[in-house]
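Peer 1: Residue numbers (our numbering), protein chains in the order written: chain A, 20 to 510; chain B, 332 to 607; chain C, 96 to 221; chain D, 15 to 502.
One should not assume that every hint holds.
[Said to hold, decoys possible] For lysine-lysine, the following DSS-like pairs were computed, each having C-alpha atoms within a straight-line distance of at most 27 Å:
#1 Lys499/A to Lys289/A
#2 Lys103/C to Lys113/D
#3 Lys289/A to Lys77/A
#4 Lys524/B to Lys217/C
#5 Lys217/C to Lys333/B
Hints were generated in silico from the structure; no laboratory data involved.
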Amino acid sequence: MNGIVSIRPLLAILVSLCITPLLASSRNSNIREAWTFFAATLKFLIVVSMLPVILRGKDISFTVVHIMPGLSISLRVDALGMIFAIVSSSLWIITSAYSIGYMRGLKEHSQTRYFCFFALAMSATIGVAFSANLITMYMFYEMLSFATYPLVTHHQDEEARISGRKYLAYIVGGSIGLVLPAMLICYGTVGSLDFVPGGLLPPETTRGMAIVLLLFFLFGFAKVAIMPFHAWLPAAMVAPTPVSALLHAVAVVKVGAFCIIRVITQVLGKEILSLHNLNLLICLIASITILVGSLIALSQDEFKRRLAFSTISQLSYIVLGVALLNPKAFIGASCHIAMHAFGKITLFFCAGNVFVATGIKHISKMRGIGKRMPITMLAFFIGSLSVIGLPPTGGFFSKWYLLLGTINVHSDIFLAVLLISSLLNAAYFLPIVYDAFFCPEEESQFEGGIKEAPLWCLIPTVLCALGSIGLFFFPEIFLKLSKIALNLIGL
Amino acid sequence: MKRLALIVVVLTGILLIYATVDFPPWGDPNSPASRHVSPRYIKKSVEETGVPNIVTAVLADYRGYDTMFETTVIFGAGVVCFFLLRVFKRRPRKERLYRHLLTGLVIRVREDMEEELDLEEFERIDTLWTPYDLILKTVCRIMIPFIQLFALYVIAHGHHSPGGGFQGGVILGASFILLAISHDLRSMLRRMKEKLHAILCAVGVMIYAGVGAVCVLLGFNFLDYKALSPLLHTTAVMARSYGIFIVEVGVGIAVMATMIWIYNNLSSEGRYDEGL
Amino acid sequence: MFEHIIPKYNYWIYITLMMIGLYAMISKNNLIKKIIGMNIFQTAIILFYVSMGAKRGATIPIIEHSQGHGIIDVTRYINPLPHVLMLTAIVVSVATLGVALALAVKVYKRYGTLEEDEILKKIKEE
Amino acid sequence: MKEQFPALIVTVPLLSSFIVSISGWVRRSLCFYITLSVLILINIFSFSILNQVICSGVIQYRLGGWEPPWGIAYHIDHLNALMLCVISVVSLLNLISTKKAVERDMEEKRGAFYTLYALMITGLLGITITGDAFNLYVLLEIASLTGYGLIAIGEDRAVLSSLNYLYMGTIGACFYLLGIGYLYIVTGSLNMVDISHILPSLYNSKAVMVAFVICMVGLWIKMALFPLHGWLPNAYTHAYASSSSLIAPLMTKVMVYVMLRVMFSIFTPDYIFRYINPGRMIVWLSISAIFFGAVMALSQKNIKRMFTFIIVSEIGYMVGGAWIGNRVALTGCIFHMVNDALMTLGAFLFLGILSHNNIDETFDGIKGLTKRMPFTMGAFILCALSFIGVPPTSGFFSKWYLLLGAMDAGYYGFMLALIVSSLINVILFFRIIEAAYFYGHDASEIREAELFELVPLFMVVAIILIVGLLNAELVQYIIDPAIPKMII
């Protein structure tokens, strides 16, 4: 493994960790948000500064501390982690801009706490992206779970409390109850938890153990919201919209997907899966989630809940893509992390804009809103195109590669699944847009006086929308990274 | 509960009995206990410590460290009793009795009158007062000095005969308690103030531990009395014997003081006003 | 059978005594009776230790001056070590007794009774 | 001077206790400062002893200069040294944190309190350091007697629970003494090392077996293992915070230490694991202890009482780890002894802060605490994460070792118990955190705790994190050498 040792990954994590005291201590809100921006940009720059090395096919590694024989808290930046890191760190900047607008627009209480834990959550996310073995990943995963709890329950009312419980019950329950034993079994059998290209476990692992491990990991990393472990995600929508946007469209859920990718490709490994053809099992679970998620999304009237269920189904695209164990599909999956992130965050921002401007949460009350908030709804249109996977948006590429992958492995079922769910996506997004713009004037539930959302909210939304268009024309960076990742992992 | 207790007890008993099969019979002179460690004590104690009473030698020298903590246990018990029971609020009793010494007539003073009246022909007596018993008081008065003398003898003669700090200390303490019982708590406290016996109690143990500390300061191990020989200008063996004596005195003081302390706290429920 | 009992009757005695104490501690309802049981229990252990130190035909472990510094016949003196240990154990049991009595006095001052069940009833009422 | 530290570490607090009790009669305000300085001294001693042990192996010390089987001798290996450090650190932090509370709770009796405090530390240190079976008993009694006193001074129910503790404790100690007597009658020695040398010739003696059983039962009573735990919850709940935060972290852990000492230094591992092998039974006992403790903790309204049951289940962890009997599990057991002392200290310091600020220790009492005292709650939450077992807190790693050991030995029930109890811990602690975090808007005049209370709490948290991150060194240099060679 041709790698270089550098402390930069650790710095990337520590930036937002060290910023929290400053945030907590800063009296004035402007100073506080200045710090946030500073941290976000710095983090982004550090991440980007590692990009050239990665593109050269090397990787950056750094060991923090050895825990016990064959086990250490250590970081490694490779192409796959890089994709995730770039996405989340770049989107943090935009989101912090958005949160300023949102929180101020709604005059939320205890914003300082909000920004502090947001920063913590971000460092945990980057930590997961850069972790070099299971235990480090587990550590940051738990850190993320606990750091996001106060964000999810930000409103501190009864509803927030109940959904907070649900959130912890699923995520912490999964990680302690399932992932921990699975890690123990791995460590007990192999004596190490490092990510190894082609799989950590020896090929002679018995079928039974492989199945047990697989299921433990798949359901244990509940952040990926594979059914039936998905119920926390709609519940977590009580959080303020920026939280839902960044965390529950990008950071947290993608952390789950990312963990699954790591586990499938670098812990269980291709041989074992294809030997006992467990990958079909994963694909099956994933496709069920995809279809059911989309169907439920159709029936949701509350805006954010619909987005949540769409997220659930989209996440399973990634799982499915990886589980196909096919180069094209893998590229599609790893690109989907980025593409879907941009698309989905746009949608969430739009939902937030609508809420800030009008206080409306339900789709049925949004007829004719397009005339009042044209920019937002335009952005929404672009975002939904990207999620559906139509040009001219980045979502097209990821879905294209996924489809190619399914064709390469000659599995018509999964091809069908993808296509059907795309239709469903269209079915639950485009009507909103249609009603927003083309509903007759007399049906519109809006009189004059409703303005666009404040600029702080609007600009990030537009940026994200443009981002997902831009990814259509310049997808090279992510494609290149995922090809490199593919070579490293060697499917 | 009772049935459960019975079961537990019977089972434990059977377990313990079961083990006796491997025990040596009673009084067996070459049981392991008498063959392994103890013979050395019997053989060497005189020449190593100069104390004919082997028990004293082992107690205060070979296993002196145990004995130090054993004294500390007593001290601790005293402190605990004080800590739990002592009440400092000087609330006078509801009624106090005073007896006229000459006529023997008793006057009762109600609560509302705060200060103790001290007329020289009156004496304070307990509320649960048994009729004035001349013989008992006098006999105790006469006996107490002899008891204390005997106690000092027991302490001092622990080297050559059964006895030592604990036994002597207990007797000494008992003499004071006898005073408290035969007369009353106040007349005992007049001779041995609370502060005094509380401090004595600590001092006694401190003598013991202090000797050990001195040994350390002189560059030997803790409680290694032969370190004292330069101080006492004697041989190492005699130094040990003297060291034993010093700690025995310390033990005596500590035990006496603690006995009194515990008795006072228990008998007066920590009010130090009227005893039993 | 009897060769296990007759020469070892001391152990049987101490075990019986000890079990009496233990039974009192577990089953008795009165706090003072429990304390008494505790003392019996500890005394039984003392008896056990002391009896293990005995030697048939030996005397108390004090060297006579007559044959003080000569060669000493071990079998003439009983084993001193158990006596030393038991001196400690006695003191410990006395100390425990003192503390237990202090606690009992305090309990009595607080609840006005020493019967455990009555105390618990009082606590429930409060 | 260095070679005298083993004696000084016990006798300095002893002497100090006398001085304190005298100064309690002369100048009461001095007591605290004397105790403080002595405890600082003890920390120096204990860490330098640990250092000596690490550098130059086992330390021998002969009290009174008599050679072992006849005199009393210390035989200090890594395990003793480690426990010494734990005890001294815990006692120091607790002393600082409870200063004001003591002044408020027992103004005239402060002298007596600090005397007992010093005596208790003496007893615990002595238990930990001694190499003589009978000496251990005496020191055990010192620690217990002072413990009864310190507990009984609490709220009015405290006296009764302390009396029950006294009954149970006395039975336990007497059983231990009896066991030692059984050993003495067949081996004729009281020195641990000496006994362990004589024992192999007596493996098939019934007396030795019974002695072992009695010792274990006695110690289990003292450490409140599940069926014998009855005294613990009441005693710890009703005591004042200033005493319970000393006793709760240390007493039970020291008893676990004594159990390890008896298992490995008196009865050889060869005897307990090869000859009579009660391991499986005892591990099942500990599993039931874990479940029982966790379930009972769930059903508590009072937070302090909840913690006492958590202690019961943690005892289950350690006993189980000790009796699984492979190296990894033992590492976990010893490591968890350290962690549990620290975590429990953290939790009880938190409770102490609550009671000192007149917040009652119920779920209603702590409403809105995250807003009122954010630092205290933050520290407490970190402790809670360690209880739950989240990396990088030290709680995770000890649990990891225990789980690993259980898996190697095939005790899947024990693994299950550990994981389930961790999940229950999540519930327990998030109930507290929820109560403190939600409904935080009712204006109340609670202020953030004062510095002398916060600093110890944060030091505990810092130690937990540091131990967690540096556990490789801890295990490699201290814990691993502490485990007998013959255990694989």
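Peer 1: All hints, please: hold or fail.
Peer 2: Checked hints:
For the given pair, Lys499/A sits about 22 Å from Lys289/A by alpha-carbon distance, which is consistent with the 27 Å threshold. Among the hinted pairs, Lys103/C with Lys113/D is inconsistent with the structure: their alpha-carbon atoms are about 56 Å apart, more than 27 Å. Straight-line distance between C-alpha atoms of Lys289/A and Lys77/A comes to about 23 Å, which keeps the hinted pair within the 27 Å bound. Straight-line distance between C-alpha atoms of Lys524/B and Lys217/C comes to about 38 Å, which puts the hinted pair past the 27 Å bound.
Restraint check: the Cα-Cα separation between Lys217/C and Lys333/B comes to about 23 Å, which is no more than 27 Å; the hinted pair holds.
Checked against the numbered hints above, the structure violates hints 2 and 4; every other hint is satisfied.
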